[in-house]
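Construct the complete structure from the given sequences, taking the supplied hints into account.
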Amino acid sequence: MTTNRRRKLLVDPRFQVQMMLRLAGWSALATLITAGCITLFLLVADQRSPGDFFFVRPEAGSHPTIFKRTDIVLPALGVALAANLVLSVLFALFYSQRLAGPLYRMSQDMLKVSRGEPVRPFFQLRGSDELTGVAHAFDTLLKFLAEKGLLKGP
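The sequence shown runs -8 to 145 under our numbering.
FYI, nobody ran anything at the bench for these hints, they're computed from the structure.
Straight-line C-alpha distance at most 27 Å; calculated DSSO-like pairs for lysine-lysine:
hint, residue 1, residue 2
1, LYS(-1), LYS103
2, LYS143, LYS103
3, LYS139, LYS103
4, LYS103, LYS134
Note that the structure is a prediction, hence the values are computed from the model and not measured.
Next comes the structure, spelled out in structure tokens:
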């Protein structure tokens, strides 16, 4: 009985790191565009109705602290950007594993076929893997080659 556990997070490091960087880049770009729109909105709002906010601590004798709207929003946007980048990289890491695993196994089998080495004719994926259609087509090709006697069995 085989286990259905993934042993390595980085099955194909080059592919997976590239995917993580691209996803993080697009995520950062989207967050920065959103931050730019919100900052522009705040600047226009400050010009139309200038004003400051103040905060008074609940302790007796404390003085009010005065700050602008951007002092509230910009740190929150920075935290949102950081959280978005971390979540994007984690998502890309785990999702890319579901892509890289089947691609890696198929490429290894293709190399074996090209060298004339025996290959098992049934390509099995885990239930959570992506690319099931490609794997099915690969299986069909291997079965066809085996039926024609062009593929060495295991």
